[in-house]
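Residue strings, one per chain:
Protein chains: 2
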Amino acid sequence: MIKIAVLGYGIVGSGVVHVLDINSGIIAKNAEQKIEVKYILDIREFADSPYKDLFVSDFETILNDPEISVVAEVIGGVGAALDFTRRSLEAGKSVVTSNKELVAEHGSQLLKLAKEKNVNYLFEASVGGGIPVIRPLTQCMNANIINEIYGILNGTTNYILTDMQRNGADFSDALKEAQLKGYAEADPTADIEGHDTNRKICILSSLAFGRHVYPSQVPTEGITGVTAEDIIHADNLGYKIKLLGRARSVGDKISVYVAPHLIAKSTMLADIDDVMNAVIIRGNAVGTVSLCGAGAGKLPTASAVVADIIDAVRHLHSRRWISWDEGGANLISDPSLLDSAWYLRTDATKEKVEKEFGSVVFSQVPASQTAFITGVMNGKMICDLLERGITAKSQFRILGDY
Amino acid sequence: MIKIAVLGYGIVGSGVVHVLDINSGIIAKNAEQKIEVKYILDIREFADSPYKDLFVSDFETILNDPEISVVAEVIGGVGAALDFTRRSLEAGKSVVTSNKELVAEHGSQLLKLAKEKNVNYLFEASVGGGIPVIRPLTQCMNANIINEIYGILNGTTNYILTDMQRNGADFSDALKEAQLKGYAEADPTADIEGHDTNRKICILSSLAFGRHVYPSQVPTEGITGVTAEDIIHADNLGYKIKLLGRARSVGDKISVYVAPHLIAKSTMLADIDDVMNAVIIRGNAVGTVSLCGAGAGKLPTASAVVADIIDAVRHLHSRRWISWDEGGANLISDPSLLDSAWYLRTDATKEKVEKEFGSVVFSQVPASQTAFITGVMNGKMICDLLERGITAKSQFRILGDY
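Going down the list, the sequences are from chains A and B.
For the first sequence, my numbering begins at 1 and goes up steadily by one.
For the second sequence, my numbering begins at 1 and goes up steadily by one.
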């Protein structure tokens, strides 16, 4: 029997306690011992909860209890979560988390601290919710040089874009719909501006390329600029629009960015709809591997947190092999130098477009504006061409092999 | 520095040696030491190989060399491979393999032997080639009760079916084409009759449900009965035809079988074309997870074998957590009791079909035969109905939630 503490009783925290309860048999079998929640840390009261006797409001109770060797931090953010994580690791307790912000901002320090203390800091749930990502990448594909990693990493924006695609909804209506259904928060900024995807691609890049990539190093464009017209034009041209986080090795550097992309409808990634997520990894031996599933949600995320708890319990006195080195400005290559075909929407006439861009593929949707796909060029070339009297209303990359 | 032996220098064996060579830097980093191939066991001569000095023809050389602590068995089959695997494990050497036949037939004994000797028997490459499957299932999803696991597990048959779909080819022409391109062997029986898929679903079932499922327990239908007409009718009805291995929990038993299925074109699985594979896992917390990539091929398979080598090197003196219990007849539920909608093709008239089957959906392709989709019923009900004077030329399940 091992006793653990769960920090935070929000959606993920309550899911963790629930999964540990309903699947206790299989979990005990896989951990080779029973796992019991001894404390739940939350300042709120849950008088009607079946777990109400487990609640404590003071972190010191947990920190000073030598019976607690594994802590699940599911508070989120970089305030109390950082403080509690640091102190838990320093006290020789392993920490598992779904907190992408904390891992993206402070992952390398926390991993270093965990290593010094010979305990584990695990965060499978921080990317892709319940989708297995971190172990496949760091264990199953560790005989590969990783060339690229990218994906649909945010369920809220994918839900909104899918709604726009299916029902012709405007962005603002689709956002309201997502909020009504509980797929978007009252303040949706972190999702729709791409910050959540930014944090996740930072974590994936750091794992794939071995050095910490910080959120501030990643140019990030959300989906607020995607219009109903863009969706219709893209559809006519054979594409869906999806928000991607993407990291690609370029020589000894990496290019990392977040932006909406056009994805060919004939590809598997275009079928990742609603709140589903997908992570695509390209390795030099394995080729392309795709991992898909529910990228968020109470039970899927809890499934990944509990898997980490089991792993921490199995490895109380040995270290799991997740780590990366410090990052730095010299690691990052400017993503605007990456080649791509591009989708553009503009007020300019087709004649003007063809004069500046040469041979392009025009959307055949009757519209007052002109939408088209360019040949392959990098972002700087697009900027140069656009300076010749064409104003882009929308400008998105086409995902492809360039 | 650790020294290993590779048993067999066929496609996978030469791939393993190649990947260890070209990716030696990242492999040494991830294994925390250099990995060197000391022996390659093969009775053939490879006089022009850059590795020609490593070849030995006598397994005893490897067995008796205490410097060898990890052996990669990539011979295939259940003859020499079984003998060498047993003796390696008995001698305290860890064994990694891509040999699905051996794992499917003798996995539980070999895992038991490895446990007794405190060494590892790892086989990530035996299912799905380079696709991460075994670690995601046994580690990332181990807080779940698994309800179902299924997938497109054989690249050769998927290539043939894709060719039939795209080009209207007959089965026999598509098979010849696949043989010409090297995607099918001269004797394609193991692939087209479903034996390869059978072995892989046995391994996946054993891992997912914790008890050994043997190939002889799994009703297996290959793709030789899929005709060009079936593909056209299925297309008209909104489906592609794919060969699936499928295992589903039914009470405290499991239903396991291999058969062609109709897959709705709107789903992700329908886009897994050519030689690509996909494994779908449904867990009670995580929901549905899909893992996709190259299911075979020299370098993808080698990528998985080398990942296991790295894992074995990291865990020379500790055990990885893969195991399952012995199976038995009482584990298996008759898959013909599983509900499904069905695709049938018959000489009977539409009137006769509607008389016996009630409301069905007919293919609108003009043809001398009648093709249609039934309501939901199990295989026994289909048999009963077919005894009323309707002869089925083809009979496949529709994949769906029933």
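Mixed in with the good hints, there may be bad ones.
The list makes no distinction among identical chains, and a pair is therefore deemed to hold if it is satisfied within one copy or across any two copies.
The calculated DSBU-like cross-link candidates involving lysine-lysine, where the alpha carbons are at most 30 Å apart (straight line), are [unchecked claim]:
no.	residue 1	residue 2
1	K393	K352
2	K29	K115
3	K380	K355
4	K3	K34
5	K380	K352
6	K29	K3
7	K34	K253
8	K355	K117
9	K115	K34
10	K29	K117
11	K393	K176
12	K38	K52
13	K117	K38
14	K265	K181
15	K253	K112
16	K253	K298
In case anyone wonders, no lab produced these hints; they're calculated from the structure.
Hints versus structure:
Proximity of K393 and K352 under a CA criterion of 30 Å is satisfied intra-copy only: 15 Å inside one chain copy versus 59 Å between copies. For a Cα distance limit of 30 Å, the shortest separation of K29 from K115 qualifies both inside one copy, at 27 Å, and across copies, at 16 Å. In the homo-oligomer, the alpha carbons of K380 and K355 lie at most 30 Å apart inside one protomer (18 Å), although the nearest pairing across protomers, at 67 Å, exceeds that limit. Taking identical chains as interchangeable, the C-alpha atoms of K3 and K34 lie at most 30 Å apart only when both belong to the same chain, with a minimum of 9 Å there against 39 Å between chains.
When the C-alpha separation of K380 and K352 is checked against a cutoff of 30 Å, the pair qualifies only within one copy, where the shortest distance is 20 Å, while the shortest distance between copies is 67 Å. Proximity of K29 and K3 under a CA criterion of 30 Å is satisfied intra-copy only: 16 Å inside one chain copy versus 34 Å between copies. Proximity of K34 and K253 under a CA criterion of 30 Å is satisfied inter-copy only: 25 Å between copies versus 45 Å inside one chain copy. For the homomeric pair K355 and K117, neither the shortest alpha-carbon distance inside one copy (64 Å) nor that between copies (74 Å) is at most 30 Å.
Taking identical chains as interchangeable, the C-alpha atoms of K115 and K34 lie at most 30 Å apart whether they share a chain (26 Å) or sit on different chains (22 Å). Taking identical chains as interchangeable, the C-alpha atoms of K29 and K117 lie at most 30 Å apart whether they share a chain (28 Å) or sit on different chains (21 Å). Taking the shortest Cα distances, K393 and K176 sit within 30 Å of each other inside one copy (23 Å), while across copies they are farther apart (51 Å). Only within a single protomer do K38 and K52 lie at most 30 Å apart by alpha-carbon distance; the minimum there is 11 Å, versus 60 Å between protomers.
For a Cα distance limit of 30 Å, the shortest separation of K117 from K38 inside one copy, 23 Å, qualifies, whereas the shortest one across copies, 37 Å, does not. In the homo-oligomer, the alpha carbons of K265 and K181 lie at most 30 Å apart both inside one protomer (26 Å) and across protomers (27 Å), since each shortest distance falls under that limit. Taking identical chains as interchangeable, the C-alpha atoms of K253 and K112 lie at most 30 Å apart only when both belong to the same chain, with a minimum of 23 Å there against 46 Å between chains. In the homo-oligomer, the alpha carbons of K253 and K298 lie at most 30 Å apart only across protomers (29 Å), although the nearest pairing inside one protomer, at 36 Å, exceeds that limit.
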